[in-house]
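Enquirer: Sequence:
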Amino acid sequence: MDPSARIAYVLGSFPSPSETFILTEMSLLRERGIEPLVVALERGPDVGDDRVAALEAAARYRPARWVCVLQSLLYGIGGDARARLHGAAAARFAEQLAPLTPTHVHAHFMGAPTLVGHAMARMMGLSFTFSCHASDVFTAGDPTPEEHAAVYDAHAIIACSEYLRKHLIERRGYPREKVITIHHGIDLSRVPERAAPTDSTEPVLVAVGRLVPKKGFDVLLRAAAPMLKQDRIALRIVGEGPEGTRLRALAVDLGVLDRVEFLGRLTWEDTLRTIAESSALIAPSVTAEDGDMDGIPNVLLEAGALGVPVIASRLSGIPELVEDGKTGLLTAPGDEGALGKALRRVADSADLRAQLGGASRERIRREWSAADSVGQIAGLFREAAAHTTVPVEGIEGARA
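Position 239, counted from 1, in the sequence shown is what this note's numbering calls 239; the numbers after and before it change by one each time, with no gaps.
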């Protein structure tokens, strides 16, 4: 590793089953000789990924008491108190990382990770960048003074889609010149070759994601119910979350529970295997009542890289990846009728599945490689570290 290229990576949780794209990003940076120093606000569950060990060896976690304090106080105290809490956590991390001499600070997700990362950068006199994704932006309230300060000091702000970049500029007032779009991409070296699909069995559709309202899995169940009842398709749902009980009850009410498999959370490898064995992947994203919605679901990249056709919602950044009628099918969010028609088109035509899946695979391998995205990020980090403009506050000053 290059001792002059150590990046403090501030994360909400590590590892995280829903944020494997961050794990991919850090692992590919390591391959480039850049060492990510993980700083996590809490320790996540085992995700069954062998890449975690190399990063976890140098990871720093906030003590459990900090997690309890944040959970109990974050939304019940004033902005000044929140700033002090972020500053105290940042001071502890800065002390822990100082012997490792990081050269830059990067945070993933607006909110606590970005605010703690910004405070760390000020204390250590380092350059600072952060990435925004989806729920961290779409469900956020009005910008706070802390957020304004982080944006002002940031060398650059990465948006994972062009849709999000425009949202940050137009809705949150971020400086146009600072916000850049870098799509996540997918590590193609980890995607196995998919066995040629057989058409001798009924089409099996799969949906993957946390069981939360924005995923639109209730819309999918209702749209697919007529075909499920006719035994024309089978449906698998991969993931867990607070909507699980409600979705199972809906499947019972629709009379299709015997045709729907709820597989729970799987490892990344098992998820890929399940997608590869499927006839099509469905991502029926919607906007939740609190404004939350997907950015570009990474599962669309995974399916596309495998050559599995996708049906997705025309929402947020999804059309940046899925070209309707060329690399997949797009339907209006929440439109059960339109989704049902798309399901029938894909289920009834092996030729269409092969056409869409093949075109998607070619485009993703040509334009959506994580190696290319990480190359952009590595260049951004080098540029930021060479032009440090964050004022030095010092650890003791932050505690005052």
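Be a bit skeptical, because a hint or two may be false.
Straight-line distance between alpha carbons at most 27 Å, and here's what the computed DSSO-like set of lysine-lysine pairs gives [unchecked claim]:
no., residue 1, residue 2
1, Lys341, Lys326
2, Lys341, Lys166
3, Lys178, Lys166
4, Lys229, Lys341
Pairwise CB distance ranges (calculated) [as the list claims (entries may be wrong)]:
no., residue 1, residue 2, range
5, Ala58, Asp348, 49 to 55 Å
6, Arg171, Thr201, 43 to 49 Å
7, Gly375, Leu100, 42 to 48 Å
8, Gly375, Pro226, 34 to 40 Å
9, Ala53, Arg84, 30 to 36 Å
10, Ser18, Gly379, 16 to 22 Å
11, Ala53, Gln376, 36 to 42 Å
12, Gly337, Gly255, 31 to 37 Å
13, Arg273, Gly173, 28 to 34 Å
The hints are simulated quantities; they were obtained by calculation from the structure and are not laboratory data.
Ideal placement from N, C-alpha and C gives every residue a C-beta, glycine not left out.
Enquirer: Hint by hint, say whether it matches the structure.
Expert: Taking the hints in turn, this is what the structure says about them:
1. For the proposed pair Lys341 and Lys326, the alpha carbon gap of about 17 Å is at most 27 Å, so the pair holds.
2. With a C-alpha separation of about 32 Å, the suggested pairing of Lys341 with Lys166 is violated against the 27 Å cut-off.
3. A threshold of 27 Å between alpha carbons decides the hint, and for Lys178 with Lys166 the separation of about 12 Å falls inside it, so the pair holds.
4. Proximity of Lys229 to Lys341 is assessed by CA-CA distance (about 16 Å); at most 27 Å being required, the pair is judged to hold.
5. Checking the proposed 49 to 55 Å range against Ala58 and Asp348 shows it holds: the Cβ atoms sit about 52 Å from each other.
6. Between Arg171 and Thr201 the C-beta distance comes to about 47 Å, which sits within the given range of 43 to 49 Å.
7. Between Gly375 and Leu100 the C-beta distance comes to about 24 Å, which lies outside the given range of 42 to 48 Å.
8. Between Gly375 and Pro226, the C-beta spacing of about 47 Å breaks the proposed range 34 to 40 Å.
9. Take Ala53 and Arg84: their Cβ atoms lie about 35 Å apart, and the range 30 to 36 Å holds.
10. Range check, Ser18 to Gly379: Cβ separation about 27 Å, and the 16 to 22 Å hint is violated.
11. Here the CB-CB span from Ala53 to Gln376 is close to 27 Å, at odds with the stated 36 to 42 Å.
12. Restraint check, Gly337 to Gly255: a C-beta distance of roughly 19 Å breaks the suggested window 31 to 37 Å.
13. Taking the beta carbon of each, Arg273 and Gly173 are about 44 Å apart, not inside 28 to 34 Å as hinted.
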